[in-house]
Every structure is written in structure tokens, then in C-alpha cells.
Amino acid sequence: MTMINLKESFKESNFRDVGAHIWEHASAVERKIMAVSFIGLAALLPFMGFGLLDTPVSDYGAVLVYPVGMFILMALGLNIVVGKSGLLDLGYVAFFAIGAYTMAILGTRTSLNTWEIMPIGIALAMLAGLILGLPALRLRGDYLAIVTLGFGEIVRISALNTREIGGPNGIANIPVPPSIGPLEFSLNDQKGFFWVVLLMILLTIWMIRRLSVRRAGRAWEAIRQDEDVAELMGVNTLKYKLWSFSLGAAVGGAAGVLYGSKTLFIAPEMFTLNVSILILACVVFGGMGNIWGVMVGAAILAYLPERIRFISDARLLVFGLALVITMNFRPDGILPRKKREKVIVKKEKNNG
Amino acid sequence: MFDTLIDQFWSLTLSGIALGFIYVLVSLGYTMVYGVLRMINFANSEIFMFGTFATIVISRDFLGNVDSPNSLPLPKLILTITLCLVGSMIVSGLVAIFVELVAYRRLRARGTNRLATLISAIGISIVLSEFMRIITHSRPTLNPRVLEKKSLFEIAGANFRIDTVLTIVFAAVLFIVLDRFVKFSRLGRAIRAVSMNEDASKLMGIDLNKVISATFLIGGLMSGAASFFYVLTYENTKFNVGFTLGLAAFTAAVIGGIGNIRGAFFGGLSLGLVEVYASAILGTEWKSVTVFVILVLVLVLKPSGIFGEAVQQTRA
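From first to last, the protein sequence lines are chains A and B. Quick note on my numbering: the first sequence kicks off at 1 and runs consecutively. Quick note on my numbering: the second sequence kicks off at 1 and runs consecutively.
Careful: at least some of the hints might be erroneous.
Estimated spans, in silico, between C-beta atoms of each pair [to be verified]:
(1) 186(B) - 205(A): 53 to 63 Å
(2) 297(B) - 229(A): 27 to 37 Å
(3) 330(A) - 66(B): 46 to 56 Å
(4) 189(A) - 140(B): 35 to 45 Å
(5) 196(B) - 54(A): 57 to 67 Å
(6) 8(B) - 108(A): 37 to 47 Å
(7) 161(A) - 62(B): 33 to 43 Å
If you want the footprint, here are the derived chain A segments under chain B, 3+ residues with CB under 8 Å [as the list claims (entries may be wrong)]:
(8) 144–157
(9) 327–335
Partial list, derived from the structure: chain B residues whose beta carbon lies under 8 Å from chain A [claimed, not checked]:
(10) 107
(11) 294
(12) 296
The hints are simulated quantities; they were obtained by calculation from the structure and are not laboratory data. Keep in mind it's a predicted model, so treat the numbers as computed, not measured. All residues carry an ideal CB built from backbone N, CA and C; glycine is no exception.
Work out the full structure: start from the sequences and follow the hints.
Here it is, written out as C-alpha cells:
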């Protein structure tokens with residue numbers, strides 16, 4: 001009897017809840033200290049590129065920006081769509097591509113700099129999210145997945161076939177961002193880029209946390225758990241699904257603008273379905289719907305291939321395996337979402 | 001812009017029909033699985049891809065055929081075609097069963113939500129195609145030409161090449177056999193029962209796991225046959241060959257009304273024709289965009305397809 005209880009309680013507890021427990025029982029001052037020290041630790045990451053953390057396959061400073069930072073940022077954006085509202089988006093790369101192409105076209109043809117292009121890129125990505133979302137979000141489940149997948153491919157093929165934006169050759173000589181005060185942006189030393197990504201990640205987290213406790217967040221949760229019931233309870237499901245879609249797109253677009261400005265050169269082949277799958281794997285592996293889980297998952301999946309050469313050759317294979325294994329044995333990911341959000345599902349199970 | 005279409009209308013029509021028959025067979029893999037599970041078999045494109053490699057490996061390595069301008073002598077030609085067709089069907093069928101075991105069964109037994117199953121299916125699809133990419137080093141694999149692509153006869157400028165005729169005849173026969181099988185055989189009736197009402201068929205003593213495996217197997221066999229005709233026509237394959245073709249075949253299944261076997265037939269043929277005509281007008285580089293736009297239009301305007309099956313309310 002005790003054994004069973006122990007096993008049950010072991011099954012029920014997870015790191016996420018331990019973390020939440022500490023946070024919820026901390027005073028305001030303690031919370032501030034924790035938050036500041038976490039952010040400070042993250043900001044110091046570029047100086048920790050030695051010993052165990054070093055990446056033999058590629059440059060440590062660059063790895064921190066792309067893939068690690070970018071993957072975390074995009075996974076957080078996709079998490080709004082997949083994790084929060086339960087809509088499977090397989091065309092997330094399209095928004096990333098739109099951001100990157102906005103940066104490339106405006107950056108090479110006008111005198112606008114990265115920071116001025118950023119809002120334009122975000123706006124265009126959101127617009128694309130709305131254009132795709134309006135017809136696609138009326139569909140559910142598998143069909144939404146296929147339609148978004150096709151949308152991602154359409155954006156890529158259109159870029160490939162449009163000669164005005166370089167076709168298969170892409171666009172080269174994209175300017176790096178101008179320096180902010182003493183902080184300079186160069187490819188040799190990518191600390192500047194990393195801190196910008198970190199800032200964007202923090203902004204995204206702040207946005208998600210704010211929205212989660214407001215009407216939008218509750219609507220998403222309702223849609224994720226049961227769309228029909230949500231609709232019957234008076235939630236304007238299409239409206240909130242569109243919101244979730246375009247906010248996810250905005251984050252993807254912002255990541256794209258920064259990526260374009262960082263790589264100097266972009267081409268359609270960088271924006272294949274694989275990128276969408278990688279980001280999806282990050283979200284799913286870490287724990288759908290949970291900010292910490294998504295970040296940890298993205299960090300692990302982005303970092304490991306750079307750390308271990310064997311994985312970098314078979315990166316997608318490993319990511320695919322991660323998807324299958326996570327879904328089969330730990331469908332909530334390594335750091336599942338809060339129990340509070342799971343309670344309703346559980347009650348349903350007991351009754352049914 | 002329309003010149004090519006008008007000049008070569010009949011020859012385009014013929015190649016559209018041949019392509020359409022390949023779509024018909026692959027879309028059966030989607031439609032049958034959808035019928036019983038109410039879920040898209042995301043890995044069907046990879047099941048097809050494995051079939052194309054099986055065909056080439058059997059012909060090139062197992063039978064030792066080499067590229068030659070002339071056809072093989074008749075007995076060996078028949079042997080090659082039979083072995084390749086049967087071999088690719090078996091390989092694709094086995095891969096399909098593997099997919100069901102690894103990606104679907106455990107999740108179904110635990111009754112997890114559909115999103116999890118969908119993601120797991122996408123995962124297995126990535127694993128299969130990446131596995132092939134790594135062992136073929138991302139290079140295309142060529143099929144030794146065993147059949148001289150002679151013209152048999154010509155009607156109104158449409159050139160009935162031997163491979164085109166073989167594809168159309170064999171695919172049509174396979175389709176009819178499948179249609180009869182599902183309609184009249186014991187297993188076929190069980191499959192239809194499960195797709196009508198899963199719980200009731202369980203109460204009637206149908207072994208659900210067996211029926212679902214069998215459905216994947218049949219879908220795999222059909223996709224495998226399609227992969228043989230694909231290799232016969234295009235004479236090469238690559239690890240990502242299934243991606244565009246899978247999307248097109250899925251579109252075909254949706255056009256005809258997914259879950260509906262005869263719908264898949266008309267969906268496949270009409271998509272083959274539309275795709276060929278559209279390529280003649282817009283250029284082949286926009287081919288997959290056309291297919292996708294058709295898919296979105298059908299899903300938005302008439303989600304039940306031509307022959308019916310409500311898909312809009314499918315739950316995630």
C-alpha cells in the first residue's frame with residue numbers, strides 16, 4: 001500500500017512543480033533576487049565558453065546566438081500556438097523566413113537599419129499569420145497541420161521562384177545592426193547578438209506571462225482543452241485562435257529579422273520544413289505549454305548537436321526520435337505544464 | 001501562356017492520367033488509415049519512399065540489372081517487373097506496419113490526445129526519411145533502365161509509351177482488386193465496420209489491433225505498388241521523394257473525400273490532370289504551389305470532398 005502511494009506521488013511530482021512551489025512561496029523580494037540572478041547568469045553565458053560547456057564542433061559564441069538563443073526564442077513563439085492553444089502549426093518557418101527576407105530586402109535596398117526594420121518585419125509576419133489563419137483556423141487538428149505545412153512550403157517556393165529577391169541565390173550583404181552605445185555587433189564577437197536575443201526572449205516571456213492570466217490566456221486554455229465547449233461558453237474561438245497565431249508569428253518574424261541581420265546572407269534553402277520540425281521538437285520535448293520546459297527543451301536540442309559531433313551529422317534523425325519517444329513515454333515533455341492546468345483533464349478521466 | 005496546353009492537350013492528358021494513377025494508389029494509404037483511425041497517416045510519404053528504394057535495390061543489386069538502351073529479354077523483363085513490384089509492395093507494407101507499431105499503437109492504447117499521436121507520426125516520418133538520407137548521403141539513386149520506353153501507339157498526338165500503359169493498366173487492376181477486397185472479403189468487412197463504429201465492432205468480436213495493422217498493411221501495399229510505377233516512369237529516387245508526392249496524394253484523398261476509397265480514385269485522377277495542365281500553363285516550378293492551393297480551396301470550400309466524409313469537425 002505504501003509502495004503504491006510512494007510510486008503514485010513520485011509519478012505526480014515533477015521538477016516543474018518543485019520549481020513552482022519555491023516560486024509561489026517566495027516573497028516579492030526573494031522573487032526579484034531569483035529573477036535577477038537568473039537573468040544575470042544567462043547574460044554571462046558568453047563568458048562561460050570553456051571546459052564542459054565549450055562546443056568543439058563550432059564557435060561557442062556563435063552557437064549561443066544560433067541555434068541556442070534563436071531556437072529558444074522561436075520555441076517560445078511556437079509554444080503560444082502549439083502549447084497554449086493546442087493548434088499544431090507545421091509552417092512556423094514561414095514567419096521566420098518572412099522576417100529574414102524583410103530584413104534582407106529592406107536592409108540592402110534602403111537605408112533603414114535593423115532596429116527600424118524590426119517592427120516592419122514583425123508587422124509583416126503578423127499579417128501573414130492573419131492571412132494564413134483566416135482560412136486555416138476554421139479547420140481542426142490534422143488538417144490545420146497539413147495546411148500550415150503547405151503554407152511554409154509555399155513561402156519557400158515563392159522565394160525560390162521570384163527572381164526579384166534573388167531566387168535560389170538568395171540575398172547577400174545584409175548589414176549587421178548598428179552599434180548601441182559601446183555595444184558593437186560583429187560576426188567575430190557575437191556577444192551583442194546574444195544579449196539582444198536574450199532581451200527578446202525576456203520580452204516574449206513577459207508577454208506570455210501577462211497574457212496567460214488575462215482573457216486571451218484563459219480563452220486559449222479553454223480552446224486547448226475543448227474547443228466546442230469553449231465556443232458554447234461564449235468564447236470567440238476564431239478570434240483568439242487568430243490572436244495566438246499572429247502573436248506566434250510575430251515572435252517568429254522578430255527572430256527572422258535578427259537572424260537575417262546576423263547571417264549576412266539568406267537563401268530559400270535555409271527555410272525548409274525541417275526548421276519547423278526542429279522548433280516543434282523543442283516545444284514538445286521540453287513540455288508543451290510550459291515556458292520553462294520549452295526553454296530547457298530548446299536549449300538541450302539546440303546545444304547537444306553542437307557539443308557532440310555524432311549528433312550534428314544526424315541532427316534531424318535525433319530530433320525525430322525525440323518526438324516519437326517523448327510522445328510515447330512522456331507526452332507532457334521533460335518539464336510538464338502546471339498541475340493546475342491539468343486538473344480538469346484528470347477529472348474528466350475519472351468520470352469517463 | 002496557354003499555347004503549350006492547347007498544342008499538347010492530349011499528350012498532357014495522358015501523362016496526367018498516368019500521374020493520377022500513381023496518386024490514386026498513394027492516396028489509398030492515406031484514405032484507408034483515415035477511415036479506421038480518423039487520423040492522417042503522416043508517414044505514408046516515407047512508406048512510399050522506402051518502396052522506391054526497394055524497387056531499385058531489387059532490380060540493380062539483387063537481379064544485377066545494368067543500364068542499357070534496349071529492353072531486357074522478355075523472360076528476364078517479366079521476372080524483373082514481377083519481383084520489383086511485389087518486392088516494393090512488401091517492403092512498403094512492412095514499413096507501414098512498423099509505423100503503426102511504433103508511432104500509433106502505444107498512444108492509442110493509452111488513449112492520449114490526438115495532438116500527441118500526430119506529433120509522434122510526424123516524428124517517425126522524419127526518422128524514416130533522415131535514415132534514408134544518411135545512408136544514401138543525400139544523393140539521388142538511379143534505377144537501371146530495363147525497359148526501353150518504346151511508343152506502342154499514338155492517338156491524337158498522345159504517345160502511349162509502354163511504361164505509361166503499364167502504369168495505367170496495373171494501377172487500375174490493383175484499384176479494382178482493392179475495392180472488391182474491401183467490399184466483400186471478411187477482413188474488408190471488418191475494416192469497414194471499424195471505420196463505421198469502433199466500439200460496436202469491438203463488441204462484435206473484431207480484433208481492433210489486427211484490423212488497424214491490416215489497414216496500414218493494405219495502405220502500404222498500395223503505396224508500394226505506386227512507388228514501383230514511379231520508379232518505372234522517372235527512373236530515379238531520393239530520400240525526400242515522398243514529400244511533394246505525399247502532399248499531392250493527400251490532396252487527392254481530400255478532394256475525393258478522405259476515408260472514401262472510390263473518392264480517392266477520382267481525386268487522384270483529377271489532381272493528376274489538374275497538376276499537369278497547371279504545370280503547362282504556369283511552369284513546373286509552381287507545381288507544388290498549385291497542388292497546395294487546391295488543397296486549401298477544397299478544405300475551405302468543400303471540406304467533405306466530392307464524395308463526402310465530414311472532415312471539418314475532426315477533433316485535434
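Now for the hints, and whether the structure bears them out:
no. : hint                        : in the structure
1   : 186(B) - 205(A): 53 to 63 Å : 57 Å, holds
2   : 297(B) - 229(A): 27 to 37 Å : 30 Å, holds
3   : 330(A) - 66(B): 46 to 56 Å  : 50 Å, holds
4   : 189(A) - 140(B): 35 to 45 Å : 41 Å, holds
5   : 196(B) - 54(A): 57 to 67 Å  : 60 Å, holds
6   : 8(B) - 108(A): 37 to 47 Å   : 41 Å, holds
7   : 161(A) - 62(B): 33 to 43 Å  : 40 Å, holds
8   : 144–157                     : holds (count 10)
9   : 327–335                     : holds (count 3)
10  : 107                         : 6 Å, holds
11  : 294                         : 10 Å, violated
12  : 296                         : 6 Å, holds
The structure shown violates just one earlier hint, number 11.
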